[in-house]
Each structure stands twice: as structure tokens, then as C-alpha cells.
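Asker: If you read the protein sequences in the order shown, they are chains A and B. Position 115 (the first sequence) corresponds to 115 in this note's numbering; numbering is contiguous. Position 250 (the second sequence) corresponds to 250 in this note's numbering; numbering is contiguous.
Derived from the structure by calculation, the hints contain no laboratory data. We treat Cβ as the ideally placed atom computed from N, Cα and C, and that holds for glycine. Keep in mind that a hint or two might mislead.
Partial list, computed: chain B residues near chain A (C-beta under 7 Å) [what the hints assert, rightly or not]: (1) 132; (2) 173; (3) 192.
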Amino acid sequence: MLEKALSGSKRYWIWVTLLLGIIAVGFVAYMNQFNNGLGVTGMSRDVSWGLYIAQFTFLVGVAASAVMLVLPYYLHDFKKFGKMVILGEFLAIPAVIMCMLFIVVDLGQPMRIMNVILHPSPNSVMFYDMIVLCGYLLINLVVGWTTLGAERKGAPSPKWVKPIIYLSIPWAVSIHTVTAFLYAGLPGRHLWLSAIMAARFLASAFAAGPAILILLCFIVKKVSKFDPDPGVGAIQSLVKIVRYAMIANVFFYILELFTAFYSNIPEYSAPLRYIFFGMDGHYSLVPIMWTAVVLAFLGIAMLVFPSTRMNKATLIIGLLSIIIANWIDKGMILIVAGFVPNSFERVIEYAPTLNEILVTLAVYAIGMLLVTILYKVAISVREEKAN
Amino acid sequence: MSINRRQFLRRAGMVTALGLGSSLVITGYRKKDAAASGYAKAPKDMPAKRWAMVVDMSKFKSEADFEKVIEACHKLHNVPKFPNTKDEIKWIWKDDYHHTFAGGHNEYLDEHVMHSPFLVTCNHCDNPPCVRACPTQATFQRPDGIVAMDFHRCIGCRFCMAACPFGARSFNFKDPRPFIEEVSTEYPTRTPGVVEKCNFCYERLADGLMPACVEKSNGGLIFGDLDDPNSEVRKIVGSKLTIRRKPELGTQPSVYYLVGGGEHA
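Chain B with its partners taken away, still in its complex shape:
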């Protein structure tokens, strides 16, 4: 059987109308209350306008002090341990002064200071270049300042990794799951092909808990709301000499390093 153009168009139109019409009918009958009933606030959630962290390096005396902190974070967040540095995933780690505060070195600085270790992690910048670069809003800034990731939206383009001036982001080059020693049920594992980084433990903050690293730091990491004039972080940042990584780039990191140590304000 052969049909001419007019007949074909008429039949195609009828089928289309039927399809569209029936989909409308089906949508009309669907239960309306299936939609989200709104987002309730977690009962113990700690509200803040600007979460920030102060790193007091004087409290980190031995290798074990660093390991404890790094372990707590990486265990909780199912950060895999890859044997090679190429595929490495890091949320919080240590590097020496010389490399952490790269640029413009005082060549007469004592060797000991140059190589003294510093904890580094995502700076949760006020003006995060990674958020600006992300083409899908998979990485975004929360109202409390935390720069978070949606692992299910990330397309793995790694534009954020190019944009981050701090090397804070890691990419799942391989399936991370076989490299997780002990799977934690507190936080999801990741698929290959997505970017991840420190999240300031927003899942713990929602339960009224301090970030895992802070809890294990023996007071070496101080965490709080920079917007609150009575918070400890605000007092330290306001009255003591603190430095930040690459402040000249204008990203306004919210991780501060207390230099000289001493007592808190």
C-alpha cells in the first residue's frame, strides 16, 4: 500500500495528538502528593552564615597527630587509598610550608620552617572559582559558605580542577570502591568519573556534630561561624596573626593558618 504525502502527514498528526493527549490524561491522574513535601530542617542542624576553620599548627607535634585527623576524614568519607599518586584522592592531607604557601619565598628562612608540615584541604572560598567554572552546578556554594558537590550531577569534565588554585580537588580516575579498606555507612561511596573534595562535613553539621577532622585534632583545628563575633574562629582571625593560601587571587579562602601558635584569643 502506498500513501501520498498528505495522507502521511494526516496520519502522523493523528498519532502525535493521540500520544500527547494520553500522556496528559495519565499525568492528570497521577497522585499530586508524590512531590516532595518540602525540605524540613534537621533538628540538630547547626546554623551558620560562614563556616570557617583555623589551623593551629603548634598543636600538631607528631606524625600521629596528622595521621589521626586525615584517617578520621578519609575513613568517614570512604576516600579510597590508591597505591599510585596518579589516581590519588585526597580530602585533607599535609604538605610542607614551602609548597603550601608557594610563591615569593624568603631564601634565608630556616630549613626547619621551610619543611615544617601544614594541613591542607579545600578552602571553601567565598568566591570559589570552581563553582564559577562548573557547567552543571554540580559544585555549588551553600548559604553557610560550604562549597559542596553533587556527585550525581557531575559530568566529570574537570573544569573545576583546572579552576581551583589550591589543588583541592580529586577526580575518580578509577573505580574507587575496591580501594576502600572499610566501607563507612555514614557517607556514600563514589562512581568512577566524578570529582570530589572536602565538604566541611556538612552531613555531621546537620547532626549537630563538628567535622571529623576537628574532633580528632586535640584543639589543633578550630571550626566555627566567622560571621558570629563571639565564635572562637572569629576571635582568633580578628586578633591573631593568621595567613591564608594565595590570598592575592581574591578567592577569600575560609581556612586560616595561625602562625606563631600560642594561646587562642
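Looking at chain A on its own, in the form it has when it is part of the complex:
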């Protein structure tokens, strides 16, 4: 089926070339990092994880969010999602691959990555994260490819794939839970040391992930003859999922704020004070975080009122607000501010360098290229069937 990605319109090839260009630039930037070390990034002794690990965290959520289509469709026989499920699975695959790439580009010694398998360490949460991410990639590849292949032949999906589909549901939850455990189990990092971390991760994932998927559906509808939501209300159902997940996410965040500030334990509130109000003359995250706050409430409002939710233009604004708010929270601030103030209660700030941003953009471009290829295959199969 992959051959379907090799033929396309002029627009398709311009898009692919553009992505390849970004990848090439990022590759050069990565070579610079590979040769000169992670010193070319903004990371330091005090803020030892930055943009890369933050993107990894955000994208695990995007990958996990496919379950928001798989679960209603396969477990509750929610037929409206029938045309969209494959798009969810084909978004999860590039998302997991991007996660893996962000881990690799963050390593100081990437050539030794196999040590994680050669010297397995069941004490380390990273060991389990590797297992669940690899497993999730495999599950989605098998399920997505098999169901689409069967559909192409006009046959029902083979029976053996059903148990794998059911397995993918708890597995999706597991990838984000284990990712939250990477942070939530560390003593001395008060922003992360929270029992609700995994729940927050899942809530924000189920808001941002499906929001991205809805936007992708709009693009698919625009650039192809395939309509993922042929008037059955699939998108509006997904919008409701995004809305409730985002409300839960904001609620969970407020729970964190209450515990940290009402208990009045200085260490617990220190990173939050730094994020929202700045500390010791350092304010770099303050405007960004308040932007996220405004966008989160704006996005919820847009998705709550029927008039804005039903209108495509305002719906897109609402979805973008939610995606950006979640990205700021999880794809940047959560990771960086976990290190601020540092173990000595000193505020040492982090800002990504150009080199780091170029590598990050390239990994996103690889992800987008994979989305493009997989969606091209899926759409071509659907278009073929329609004719």
C-alpha cells in the first residue's frame, strides 16, 4: 500500500519537499550537536532537560490520544468514528516515532542507546517507558496496516487483530502513565512529585491529541476527496471529548495549585511561584504561562457554547487555543520548571538555542512527513474504494 505515497499532486510534492528541507537543516544542526556535544543546547548543569524531553512528554500524549477513537469505536460500537479511527492510529505512529527521536537527540552518547537493552534495569522507569513505547508503536503499526489492508480488499479485518485492538486501549493509557512516572517518582523535584501527575498527563493528552486530529481531518477534507466526517457528527463528538478532557486537565491543575499554596510549604509552591509570578528577578516563563492560562479558558469557552462550537472558524480557534495551552504547559514549562529553583534553591533559567530549535523542528518535520505518507496511503485507499 506504501506505493500510494509515491504518486501525488504537485501540491503534495511541494509539501513533501518543504518538509525534507526542514529535515535537512535540522540534520546539519544535529550533526553539530553530535560533534560538539549537548553544550550547543541551552541545557545546563541546573536545568538538565529542556525542549527535547518536553516535546517527548507532549508527544507521548498525542500518541496515547488515539485511544479516544479506538475505545468508543471498538468497545462501544460507536459507528460515527468508523472513518476516523485509522487517522487516529496513523497519527499515533508518527507521534511515537517522534518521541523516540526526541529521546535519541537528547542523549549525550546516542551510539550507546542499546545499553538500555544490553543492561536492562527494572528499577528504572525509563526501562518500562522503552517497553511500552516500542510496544505501542508495534501495536498501532499492526492494527492500522491490517485493518486498512483488509478494507482495501473489501474484506472484514482478520479475527486475530481484534485482541490486539483491545490490548491497544490499556496500552495507550500505560504509555502516558509510565511517562508521568518518569517525573512523579523523583524526590526533591517538587513540581513533579505529585500523585495526580499521570491523571493530569492523560487529561491533557486527551484534550490536545484529539484536537490535533480534528484539525488534521479538516486538512484532509480540504486537500482530498475523502471526508472523515461525512455528515455523521464524528467531529462534534470528538469536540465533546476534547472539551471534557480539557476541563478535567484545568481542574487537575487547580488541585495542584491548591495543595501547593494552601499548605504553604515553601518547597512545594516554589516552582509554581516561579512559573506564575517569577522569582529572584527571573520572569522568563511568566508571560508564557499566563498566555497558556488565557488560551486554556478561551479554548474551553469556545468548545462549551454551541454557537462557537458549531461554527468552523471559531471551533478552529478554540482547538488551536487548547493545543497551544497544552503545549506550553506540558511541552515546555512542566519540564523546564521542574528544575527551577534548583537543589540549592537558586533560580537558574533555561532558554533553548537556535541549534536546539532547528533539531526540534526537524523531528517535527519527520513526524509530519510520516503523517503525510500514512494519511496519503489511507486516503488513497478510501478514494479508490469510493470510485
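Following the hints, put chain B in place on chain A, whose structure we already have.
Answerer: The following block gives chain B in isolation, referenced to the frame of chain A:
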């Protein structure tokens, strides 16, 4: 020439069998005694069940007293001197009381006490969170309690740095070698991309020597086996008022700070 599927499988199978078979033959002929002949104990090795350090700040009177100790360690272990704090590598350094014992401050504490310097280093915790976090066992705990690093196994993921509540770990963001003033042959230099920290001079302990910092401290640093009831560290920790950094986290640091100074037990 074209071959069908059956022919292809048969030929591929034959080639695989040939390859596997010959590798077995070669392995069979290899000399068996090439394997390690076991690990002999260093003749002067100082055995201990729980190495620990007591820092007696009353013995550190001038800037030079600190510098001597830090220099001895950093020189011996080829710790580079980076001009910027971002790439900085530190094994042992000083910070003031206020920041070393962060959290829950007495606001009426004398300014002098607040800013009095303290030596800080890896605490070689009993329950080291860094060892728990490491995905490759590149950082591990020895039977004598020392938390050590294998620089050749470290993949540079920096999970240990996130896990350490004491900021004891440094990462080689850049190639450290050009920044080593005088290369010591006593200890290896590091490649870029690996984490490092204090190792309680296990290489010196194996030679029957005290850690380099202890040797240069004029009695300000007391090192010994906490498990031995007759050791000096045990006597101090058992009878004097000592404090540790962030004891509430349950990592059980084995670096103790003797407060109030005075004579040893």
C-alpha cells in the same frame, strides 16, 4: 536467472546454516583462558561496609582551606575548569549554609551564619535515587556504600541528574579535555556526553589511601566506616550533633555536617 520462492528459501536456509555452523566451530577453537581469571582484591584495599564522611566546618577557616581541598580532588580526577557555569563540572565545591540546607529557614538567623560556607559533594546515599533512575546501571552502589559511575556505559540521558535531590551530578556538555589544565594520570579523563560526580576516591581506597580531599583537609574532613563502632566517623555521628542535607527525603546521605564544631569524640 530467476528463482522461485521455494528455491530462494532453500538457498537462504543453507547459507544461514553454514554461517551459524562455522561461527560455532570458530568459537569452539577459541582459547578458553582468554576469559577474566577472576577479580583479585587489591592488596592494600581498605575494606568497609559503609564509607561515610563527616565535615567539620570549624576546621575550615580561610578561603585557602577550601581551595586546597577542592583543588586536590579536581586535579586528581581531571575535572575540567569551564569558564561558564552552564557547562560547569563539580565534584566537591562550597556553598553557603542558607543554600546548602535549603528549606525552612529561621529568618532571625545571624547573617554571618546564613552565609557561612559549607563543603558539598555527592552524599553517597544509602538509598540513592540516581541509581534507581539509571536505565543502564551505569551508576551503581558498591557493597561498601559508594555510589560509583561507569563512564563507558553511561548513555548521557541525565535521568540521574533529575533524580538527585542534591545537585551533585555534572554532565559533560562539551569535550572536557581541552579544559583540563594539567592531565593527571591517576584517573581517566571523560568523553563528552557522560555524567560524573564524586566517587569517594575509590581508586585511592583500593591503594590503602584516604580520599584526596580528606588528606588535604587538616582534619576538617573525617572519613571512615560507619559500620565500625570504633571508627572516628561513627563516634562523631553517634555522640555529636550532626546534620545532613534533606534528610526528610529518605535517601540517607552519608555525608554528615558537624555543627558547633569542637573536639571530636
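Asker: Give a verdict on every hint.
Answerer: The hints, checked one at a time:
1. 132: holds, 5 Å
2. 173: holds, 4 Å
3. 192: holds, 4 Å
Violation of the numbered hints given earlier is absent; every hint is satisfied by the structure.
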